[in-house]
Amino acid sequence: MGAILNEIWRRSPNAIDLLTTKLGKLELKTPLSVASGTFDLENLEFFDESCLGAFVCKTITRYPKHGNPPPRLYETEAGLINSIGLQNPGLDNFIAEKLPLYRERLRLPLIVSISGSSISEFEYILSRLETCPGISGYEINISCPNVENEGIAFGVCPDVVFDLLTKISPMTSRELCVKLSPNVTDIAQIAKAAESGGASSLAMINSVWGMAINYRNGKSHIKKGVAGYTGIGIKPIALALTYKAAQAVNIPILAMGGIYNWKDALEFIWAGASAIAIGTANFVNPLAAPELIMGLGEYLLENDLKITDLIGKVSF
Amino acid sequence: MGAILNEIWRRSPNAIDLLTTKLGKLELKTPLSVASGTFDLENLEFFDESCLGAFVCKTITRYPKHGNPPPRLYETEAGLINSIGLQNPGLDNFIAEKLPLYRERLRLPLIVSISGSSISEFEYILSRLETCPGISGYEINISCPNVENEGIAFGVCPDVVFDLLTKISPMTSRELCVKLSPNVTDIAQIAKAAESGGASSLAMINSVWGMAINYRNGKSHIKKGVAGYTGIGIKPIALALTYKAAQAVNIPILAMGGIYNWKDALEFIWAGASAIAIGTANFVNPLAAPELIMGLGEYLLENDLKITDLIGKVSF
Amino acid sequence: MNNPQYCQRAIQYREELSDDYFILWIWDEVLGSIGRPGQFYEIRALASLKNASNVQKIPKLFKPISIYDIQGGRIGFMIKKVGEGTTALSKLRSGDMLELIGPAGNGFPIYRGKRILLLSGGIGYPPMWYLQKELINHNQVYWMHGGARQGDVFPCDEIWTEDGSIGHKGKVCDGVAENIRKNEIDIVYSCGPIPMLMAANEIISQMGIEHYCSLESYMACGIGVCHGCAVPIGSKDKWDYLRVCKEGPVFNAEEVRWELF
Amino acid sequence: MNNPQYCQRAIQYREELSDDYFILWIWDEVLGSIGRPGQFYEIRALASLKNASNVQKIPKLFKPISIYDIQGGRIGFMIKKVGEGTTALSKLRSGDMLELIGPAGNGFPIYRGKRILLLSGGIGYPPMWYLQKELINHNQVYWMHGGARQGDVFPCDEIWTEDGSIGHKGKVCDGVAENIRKNEIDIVYSCGPIPMLMAANEIISQMGIEHYCSLESYMACGIGVCHGCAVPIGSKDKWDYLRVCKEGPVFNAEEVRWELF
Ligand SMILES: Cc1cc2nc3c(=O)[nH]c(=O)nc-3n(C[C@H](O)[C@H](O)[C@H](O)COP(=O)(O)OP(=O)(O)OC[C@H]3O[C@@H](n4cnc5c(N)ncnc54)[C@H](O)[C@@H]3O)c2cc1C
Ligand SMILES: Cc1cc2nc3c(=O)[nH]c(=O)nc-3n(C[C@H](O)[C@H](O)[C@H](O)COP(=O)(O)OP(=O)(O)OC[C@H]3O[C@@H](n4cnc5c(N)ncnc54)[C@H](O)[C@@H]3O)c2cc1C
Ligand SMILES: Cc1cc2nc3c(=O)[nH]c(=O)nc-3n(C[C@H](O)[C@H](O)[C@H](O)COP(=O)(O)O)c2cc1C
Ligand SMILES: Cc1cc2nc3c(=O)[nH]c(=O)nc-3n(C[C@H](O)[C@H](O)[C@H](O)COP(=O)(O)O)c2cc1C
Ligand code: FES
Ligand code: FES
Numbered sequence: 001m002g003a004i005l006n007e008i009w010r011r012s013p014n015a016i017d018l019l020t021t022k023l024g025k026l027e028l029k030t031p032l033s034v035a036s037g038t039f040d041l042e043n044l045e046f047f048d049e050s051c052l053g054a055f056v057c058k059t060i061t062r063y064p065k066h067g068n069p070p071p072r073l074y075e076t077e078a079g080l081i082n083s084i085g086l087q088n089p090g091l092d093n094f095i096a097e098k099l100p101l102y103r104e105r106l107r108l109p110l111i112v113s114i115s116g117s118s119i120s121e122f123e124y125i126l127s128r129l130e131t132c133p134g135i136s137g138y139e140i141n142i143s144c145p146n147v148e149n150e151g152i153a154f155g156v157c158p159d160v161v162f163d164l165l166t167k168i169s170p171m172t173s174r175e176l177c178v179k180l181s182p183n184v185t186d187i188a189q190i191a192k193a194a195e196s197g198g199a200s201s202l203a204m205i206n207s208v209w210g211m212a213i214n215y216r217n218g219k220s221h222i223k224k225g226v227a228g229y230t231g232i233g234i235k236p237i238a239l240a241l242t243y244k245a246a247q248a249v250n251i252p253i254l255a256m257g258g259i260y261n262w263k264d265a266l267e268f269i270w271a272g273a274s275a276i277a278i279g280t281a282n283f284v285n286p287l288a289a290p291e292l293i294m295g296l297g298e299y300l301l302e303n304d305l306k307i308t309d310l311i312g313k314v315s316f
Numbered sequence: 001m002g003a004i005l006n007e008i009w010r011r012s013p014n015a016i017d018l019l020t021t022k023l024g025k026l027e028l029k030t031p032l033s034v035a036s037g038t039f040d041l042e043n044l045e046f047f048d049e050s051c052l053g054a055f056v057c058k059t060i061t062r063y064p065k066h067g068n069p070p071p072r073l074y075e076t077e078a079g080l081i082n083s084i085g086l087q088n089p090g091l092d093n094f095i096a097e098k099l100p101l102y103r104e105r106l107r108l109p110l111i112v113s114i115s116g117s118s119i120s121e122f123e124y125i126l127s128r129l130e131t132c133p134g135i136s137g138y139e140i141n142i143s144c145p146n147v148e149n150e151g152i153a154f155g156v157c158p159d160v161v162f163d164l165l166t167k168i169s170p171m172t173s174r175e176l177c178v179k180l181s182p183n184v185t186d187i188a189q190i191a192k193a194a195e196s197g198g199a200s201s202l203a204m205i206n207s208v209w210g211m212a213i214n215y216r217n218g219k220s221h222i223k224k225g226v227a228g229y230t231g232i233g234i235k236p237i238a239l240a241l242t243y244k245a246a247q248a249v250n251i252p253i254l255a256m257g258g259i260y261n262w263k264d265a266l267e268f269i270w271a272g273a274s275a276i277a278i279g280t281a282n283f284v285n286p287l288a289a290p291e292l293i294m295g296l297g298e299y300l301l302e303n304d305l306k307i308t309d310l311i312g313k314v315s316f
Numbered sequence: 001m002n003n004p005q006y007c008q009r010a011i012q013y014r015e016e017l018s019d020d021y022f023i024l025w026i027w028d029e030v031l032g033s034i035g036r037p038g039q040f041y042e043i044r045a046l047a048s049l050k051n052a053s054n055v056q057k058i059p060k061l062f063k064p065i066s067i068y069d070i071q072g073g074r075i076g077f078m079i080k081k082v083g084e085g086t087t088a089l090s091k092l093r094s095g096d097m098l099e100l101i102g103p104a105g106n107g108f109p110i111y112r113g114k115r116i117l118l119l120s121g122g123i124g125y126p127p128m129w130y131l132q133k134e135l136i137n138h139n140q141v142y143w144m145h146g147g148a149r150q151g152d153v154f155p156c157d158e159i160w161t162e163d164g165s166i167g168h169k170g171k172v173c174d175g176v177a178e179n180i181r182k183n184e185i186d187i188v189y190s191c192g193p194i195p196m197l198m199a200a201n202e203i204i205s206q207m208g209i210e211h212y213c214s215l216e217s218y219m220a221c222g223i224g225v226c227h228g229c230a231v232p233i234g235s236k237d238k239w240d241y242l243r244v245c246k247e248g249p250v251f252n253a254e255e256v257r258w259e260l261f
Numbered sequence: 001m002n003n004p005q006y007c008q009r010a011i012q013y014r015e016e017l018s019d020d021y022f023i024l025w026i027w028d029e030v031l032g033s034i035g036r037p038g039q040f041y042e043i044r045a046l047a048s049l050k051n052a053s054n055v056q057k058i059p060k061l062f063k064p065i066s067i068y069d070i071q072g073g074r075i076g077f078m079i080k081k082v083g084e085g086t087t088a089l090s091k092l093r094s095g096d097m098l099e100l101i102g103p104a105g106n107g108f109p110i111y112r113g114k115r116i117l118l119l120s121g122g123i124g125y126p127p128m129w130y131l132q133k134e135l136i137n138h139n140q141v142y143w144m145h146g147g148a149r150q151g152d153v154f155p156c157d158e159i160w161t162e163d164g165s166i167g168h169k170g171k172v173c174d175g176v177a178e179n180i181r182k183n184e185i186d187i188v189y190s191c192g193p194i195p196m197l198m199a200a201n202e203i204i205s206q207m208g209i210e211h212y213c214s215l216e217s218y219m220a221c222g223i224g225v226c227h228g229c230a231v232p233i234g235s236k237d238k239w240d241y242l243r244v245c246k247e248g249p250v251f252n253a254e255e256v257r258w259e260l261f
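Chains as they are written, first to last, in our numbering: chain H, 1 to 316; chain Y, 1 to 316; chain S, 1 to 261; chain C, 1 to 261.
No wet-lab data here; the hints were simulated from the structure. From the three backbone atoms N, C-alpha and C, an ideal C-beta is built for every residue, glycine too. One thing to keep in mind: the hints can contain errors.
Claimed, not checked - Simulated restraints on C-beta separations:
#, chain 1, residue 1, chain 2, residue 2, range
1, C, S33, H, K306, 45 to 55 Å
2, Y, Q189, C, P109, 48 to 58 Å
3, S, R93, C, K133, 40 to 50 Å
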């Protein structure tokens, strides 16, 4: 067991399940995970993985993806704008090269994030990954702006979300987590569609539409123009959407969006998240994850609470 | 003429129309306006109105509105969360008491912001205001979450927006500006609906859904829970949506959302805004407006440009 | 009526009180002559705006702080460090610049020839100091103040602390009824956190005593523009949300719709 | 291969150069012994994180800074103040803490017995210093450096300034062809802004000379995780976005798909 959890347990011997939470079919040792695309094995050079309850990898697609032209990044007053464009080595390379590395290195539940350009592509990817051991669950990324389904982005149309989920949910007994986009009129509808289709949990939120322009010369700081906005500036938005989704469904929520520390994490747990993830904060604080878990552990110990006592208990 | 513009013109005698811009039917002396609900005559104690091109008042409804229960405000890391709930004295009191004050005090085009709970209520309000002199235009606020039309919020449904505008646009020859909500899947659709219905300009964006919770005890910082998020943290979002709308329509855009200074203003102008407004920044910098205009004026003089040279000229 | 102005002034002198409390004094003929007891200023450390470009790109809201004292061309603000804004203020030293918007709100109504009780809790103390000075020559004034512990209480006639570390042990409201009876009080002025004012109102209204209270509220503009600070005021049947920064902060306790908080 | 680590170290010594340039030295046995020319660290003033709760609630990204020198258990970073992050670094003094992630990226390939041209522009100078030290004993090394004006140039063999205030007047690339011919150069190493590297590549590739360049890119993670720093690398038909922080920052100029920038 990891040093961080040991430290928490040392202080309170019966705090063994202080931080334990459930994400659908998965029992997580801590409520903390990492946001797809912002964390990889390299980060585990900085701290012990025991502070994490699960590991979510960068989104994988059927075929390798170049990604978007540079510049892809810009830091704004209150967050980060990115335009990575789902650059990834594709399914085959993932299975051949990355997955074995994860299996060897990780002692955490591995959640593989996947995206497809059609329902059948999602089905194909899932069927291939089903034959691979060492995977605890899937994050179905229907919230990437690059993914189109006959002109309608997957994540914004409840019917398509429902269709997709009814097709893929019978294919697996692993955790099936659907990652939602914040760029929709009614998040509750999408959340409900995912739930009725058979999702066993939700992850939210993905990046918010954002842009930044060099005021001096009018050049977009990002080559593609409109891109994804993440980090502390989106925290109030992520919190509102998490609350709305939590009110609409009964499946658990893995929440993210501007979580930098344990106080942010608590806000999301009160709002209805069963687990939380760190994204952009991994870039601005390499020790964000262990510090978050220490802070959360201390808060729970001091107040004689378990994480599960707080989930969705926001008051007004 | 005001001291600020005089200072700019003093430096460059032929800069008389440096800052002049058009918002639909209105010719504005400067591109700067103020965001509804964040500015009133009290602010003009702090600086000379000549830096403003237009004055937009707090949204008025048919009947007086109590507004939402307190607490209504919370400042987050990167902005403000508010839940005012359109508190206002109602149309009759506005016409009897506020409007004469504005007429007496202001030498600026007055844009009256209005909201209704049905299309016919909008029609009624407009017909009443049409009989009042001293109004240069209307801001049709269809983006307030409290306003419902048979269960569908006005601002999120293109058909309703189109219907509303086709009904009210023939009623007036004054400027007709439609204020859009950012909380939609496809802003371009809504913008187009407003344009085809007869809007002569767009104002955007209104508040983004947001929430904040006291991490210690799980109490929402805002009594109503989910509320409106504004300020610097929404700038990238407002900029992306302004750009998208500007790509979709030909009518001019009055842009706002996290504009604190002249650099922010320029970003929006490059993105496609013909005019900009200061909202939350009025609270954190009482001199934000004159400082913005001075900065903008200096930038234009130094680069030998007019404001109209920049509108929508973003490059990638 | 109040017409709040914006200005920047250097701090002339800083007075240390207990741990978290301090007073900022500004020497200024104008500021030192306008402003009535109960009025306040929205203030901010100028640094938080001027350093915005390098230290902190995001300027934050001003904070409402009562006029603690006005004397001989000086104006004083007594401040408790509680969060980000007041912490920034707590770092200011003589010579540092303060931004001010005010005077804002309406003061306490001023009577003569009455038996008056001032009731303050925690950071409700500062406006009472100035109020007391205005009342003392023409009225019989008693002042009760309560706080969590010794560090939270300051000179007055009757001190209460929740931990009993000094003065009476308990909440200051515990002694109100007795004080009113003993001193045959005509009018109560109160200032403090809402729960305390609620408890005080409960007692005072039952005794049929006139009661003016200064309410706290989170503020954005401080000048009546945003409607963010509104509280329910009026009669049971006909009330409205009035602005603490404009129609307040002092209200007749009878008109405050306590049940709606 | 690089396995960047995270650490915090006190600044031992700060060296002033011209206006906007300075060097931060850290005395540390480990850091002072690992790291090859061309590798870099992601660094940040610790204050920007630790003060996050009061001064600045929003911590910002680390900034990629090359290893300027490693000698006798010391590591140095030569930095130009250009924006927010480097301004925060410019405020650090001896004893202040620095956060570091690194060493990151791959260094320049090291040859022996060659005639080598180092070509740097602006803030491309620092990595060349360390590189030059590694090459000088086993190769013939020439170093050309260019900058906007006098304040932007530093010791080397041939100085260019755009305003002609010192050295040759013009862009440093203007002299490259002649230098390569005159000194019969085998290999060029370059570092500087993309437009300069592009121009240099144009000339150098036409002359058929081997050329390694260190590319700049906006970074978020600095450790290969986010794919934010990617640049197009490969052949015309088969290229990929490779990460400057992981597969770079040094690339064979021939493989950089300049036309895709
Ligand atoms: C009319 C008026 C007069 C006041 N006079 C004084 C005074 O003379 N001296 C003084 O020290 N304080 C006074 N206050 C309270 C002071 O405004 C708050 O303590 C301050 O705004 C807290 O800001 P912060 O950024 O330091 O803390 P925050 O981080 O904003 O909050 C810290 C804590 O204070 C509470 N708080 C925040 N803002 C307010 C607010 N506006 N009112 C009440 N509680 C708040 C929060 O809920 C939290 O518990 C007055 C308030 C009002 C409305
Ligand atoms: C591998 C590598 C090694 C570097 N080595 C050094 C070094 O040894 N010394 C040194 O002073 N600088 C070096 N740089 C450049 C340095 O990273 C940037 O100057 C710094 O990130 C700017 O950050 P800022 O917050 O101060 O400025 P910002 O406010 O971010 O930007 C100011 C200006 O710098 C440009 N800029 C911002 N970030 C970068 C970046 N990562 N690369 C290039 N331009 C950027 C912006 O476009 C803008 O024009 C290196 C960059 C890379 C990628
Ligand atoms: C550089 C970067 C890359 C990302 N890549 C992915 C991705 O591949 N798949 C995905 O579902 N989300 C991706 N995201 C979104 C994050 O997983 C997360 O949803 C978002 O950043 C919000 O969380 P944060 O504010 O904590 O960063 C990426 C975000 C960033 C900043
Ligand atoms: C306190 C407050 C009150 C507001 N009231 C209104 C309103 O009455 N009508 C309206 O259309 N928008 C209202 N808004 C939204 C603003 O007009 C503006 O669209 C929004 O704040 C975004 O701009 P900003 O980031 O510059 O503040 C209000 C915003 C705030 C913060
Ligand atoms: S704080 Fe804005 S109206 Fe009172
Ligand atoms: S900066 Fe993240 S991959 Fe290079």
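- prompt: Any of the earlier hints contradicted here, and which numbers?
  reply: Hints that this structure does not satisfy do not exist here, as all of them hold.
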